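Visitor: Letter by letter, the chains look like this.
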Amino acid sequence: MAEYWNIVESIQARHDSFLQEKPEPEMSISYEVGHKDFINSGKASSEIKLMLKRLGVNPEILRRVAIASYEAEINITAHSLGGKIICNIYLNCVHIVFNDSGPGIKSIEKALEPGWSTADDLVREMGFGAGLGLPNIKKNSDVMHIDSEEGKNTLLEIIIFFD
Amino acid sequence: MKLRELVELLEGELLTETDHLDREITCAFGSDLISDILMCTKEATLLLTGLTNPQVIRLSDMIDLLGIVFVRGKKPSEDLIEMAIERDLPLITTKFTLYKSAGILYNTGLRSCKI
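Line by line, the protein sequences are chains A and B.
With this note's numbering, the residue at position 32 of the first sequence is 32, and numbering never jumps.
With this note's numbering, the residue at position 104 of the second sequence is 1104, and numbering never jumps.
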């Protein structure tokens, strides 16, 4: 599997201790995301945002979580055969895992280039497929990890700290 | 500018609740690319767009939208209008193009949102 990590430098130490301590999430919710289901796609991200808002997370962090999560949710709908989102909420961060059923990313490096897209006409007509999804996720998250290969599933996970 | 004035300038039609006409619109952004809209809106803004699919309304769950203007005579479905009313989000339709609508509003002093 090809892997990609992006960790914001100032977060590195916190991320290391997060991986070491493996804390239990305060809350864990999962959502199913359908292939090309543009009617319902986005619901999970909007629920995640609402939940964090109720927990008192600051608006600027909420915006980053919502944008990163929404782009990733749309990616599952637009590019995969469907998948699952698992949102783990901790005291000081949120960890969201997006796992789809394939067909995988041929070149993660290419997919991260702004403007590069494999979206079909339907997806483009909906206003997506500008090739800004992964760059937008990267920009809004503290940790981003992609694990994928052509012909396999894609696993994308993000962590955003609350302070 | 009040939404009422904006509707008049664009010779538009309000598709949601009448009390939305008293809303204050402070800035605007125009695009048909969802990632651009997500990336460029750092403050609550009015959105001018030609997109009329449910994801445009869903966008308002992620970022703060003051309202949506559908350009070039586009009219969203009843389901979409319903989704917007649930979210208390004003919707307007105008027959003017995106370019013309943006030009009229810009000339009247409505600034671009911070990007």
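No lab work stands behind these hints: they were computed from the structure.
Keep in mind that the hints are not guaranteed to be accurate.
[To be verified] Label-pair ranges, simulated between beta-carbon atoms:
hint : chain 1 : residue 1 : chain 2 : residue 2 : range
1    : A       : Met27     : B       : Asp1064   : 20 to 30 angstroms
2    : B       : Glu1086   : A       : Glu32     : 20 to 30 angstroms
3    : A       : Glu32     : B       : Ile1085   : 24 to 34 angstroms
[Stated by the list, open to error] Here are some of the chain B residues that sit facing chain A, going by a computed Cβ distance under 10 angstroms:
hint : residue
4    : Leu1009
5    : Asp1032
6    : Ser1035
7    : Leu1051
8    : Arg1058
9    : Asp1061
10   : Met1062
11   : Asp1064
12   : Arg1111
13   : Ile1115
[To be verified] The calculated DSSO-like cross-link candidates involving lysine-lysine, where the alpha carbons are at most 30 angstroms apart (straight line), are:
hint : chain 1 : residue 1 : chain 2 : residue 2
14   : B       : Lys1100   : A       : Lys53
15   : A       : Lys139    : B       : Lys1002
16   : A       : Lys43     : B       : Lys1042
17   : A       : Lys138    : B       : Lys1002
Quick caveat: nothing in here was measured; it's all calculated off a predicted structure.
Every residue, glycine too, gets a C-beta built ideally from N, C-alpha and C.
Visitor: Confirm or reject each hint.
Guide: Verification of the hints:
1. A:Met27 <-> B:Asp1064: 20 to 30 angstroms: holds (25 angstroms)
2. B:Glu1086 <-> A:Glu32: 20 to 30 angstroms: Because 22 angstroms falls inside the window, the suggested range holds.
3. A:Glu32 <-> B:Ile1085: 24 to 34 angstroms: holds (27 angstroms)
4. Leu1009: violated (25 angstroms)
5. Asp1032: holds (6 angstroms)
6. Ser1035: holds (4 angstroms)
7. Leu1051: holds (5 angstroms)
8. Arg1058: Given a least distance of 4 angstroms, the restraint on Arg1058 of chain B holds.
9. Asp1061: holds (3 angstroms)
10. Met1062: At about 4 angstroms, which falls below the 10 angstroms cut-off, the nearest Cβ of chain A leaves the hint on Met1062 of chain B intact, so it holds.
11. Asp1064: Constraint on Asp1064 of chain B satisfied, holds at 8 angstroms.
12. Arg1111: violated (20 angstroms)
13. Ile1115: violated (13 angstroms)
14. B:Lys1100 <-> A:Lys53: violated (38 angstroms)
15. A:Lys139 <-> B:Lys1002: Status violated; Cα separation ~34 angstroms.
16. A:Lys43 <-> B:Lys1042: Holds. Lys43 of chain A to Lys1042 of chain B sits at ~22 angstroms (cutoff 30 angstroms).
17. A:Lys138 <-> B:Lys1002: Distance ~37 angstroms between Lys138 of chain A and Lys1002 of chain B Cα, so the pair is violated.
Hints 4, 12, 13, 14, 15, 17 from the earlier list are contradicted by this structure; the remaining hints agree with it.
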